[in-house]
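Trainee: Now for the letters of each chain:
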Amino acid sequence: MISCKKATYLVSKKEEKKLSWIERWQLRAHLAMCSLCRKFEMQSGFIGRNAKHLHEHLHATLSPEAKEKIKAVLKNQ
Amino acid sequence: MPENKLKPDQWINAYGDALYSYTLARINDTGIAEDLVQETFLSAWKARDSYKGEASEKSWLFTICKNKIIDHYRKKARDIVQPMAETSATDQFFDSEEHWTVEDKPTDWAMDYASKMDNKEFYKILNGCKKKLQEIQQAVFSMKYMEDLDAAEICKALGITSSNYWVLIHRAKLQLRTCLEKNWINLK
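Chains A and B supply the protein sequences, listed in that same order. So for the first sequence, this note's numbering puts the first residue at 1; every next one is plus one. So for the second sequence, this note's numbering puts the first residue at 1; every next one is plus one.
Source of the hints: derived by calculation from the structure; they are not laboratory data. Each hint can be trusted.
Under the rule of at most 30 Å between Cα atoms (straight-line distance), these lysine-lysine pairs were calculated in the DSS-like manner:
| hint | chain 1 | residue 1 | chain 2 | residue 2 |
| --- | --- | --- | --- | --- |
| 1 | A | K17 | B | K116 |
| 2 | B | K182 | B | K120 |
| 3 | A | K17 | A | K5 |
| 4 | A | K52 | B | K105 |
| 5 | B | K124 | A | K14 |
| 6 | B | K7 | B | K66 |
The structure presented is a predicted model; accordingly, all values stated were derived computationally and were not measured.
Next up, chain A with everything else stripped away, as it sits in the complex:
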């Protein structure tokens, strides 16, 4: 039986479909027994799927000075 440390390592590899058959088997056996690592797997997937939307929620704005500076740079081209 692999450890939780190893199982959580394999979870990310699984997300990229990079598990060897033996790793797949080891992970499946571990997850069948371990509810904590099953939670980790779901939360890990959740973080990965939603991270790409981060910038849509940041609402950062360039300062007026920064915008003027960029406009000036473009004008000088």
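Could you slot chain B onto chain A? The hints should help.
Mentor: Chain B only, in chain A's frame:
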């Protein structure tokens, strides 16, 4: 088919903030993010004759910006890639038997994991947690989960081995998960 046209005089007002948010979500430094946005517009301006109008002006600019960000990681990689200490960083989460410690074991989150998260608070905390990662972990995390690059492309850009890559992803995930759980009260 309607052809897309560039309107460079409107770029900064129309896309400046969106490109800046996009960059800042991936590169935490406001000064560097500003520089990369400026470089994006500059490169776009120089390449304006090669714009074929197939993509919208907006997605064309975002593609240029994305390449600037990846270039930035590539150039920085030499400074931020540190020799890997196999122990320490992940070991805080696990005991001597490599099972979860009581403090760091995952608890249930009061949400549907399959749903798309739309909560502003969540992203604020995610951003704060991401900033706490080591720079190299942030680079790997952004390239993988925000830019959708595959492992081989990321390893090549950063000059790391695939086993380094998996260790970095593993650590980043463990730290983000714990940080989210500790800081986001609505989870419980």
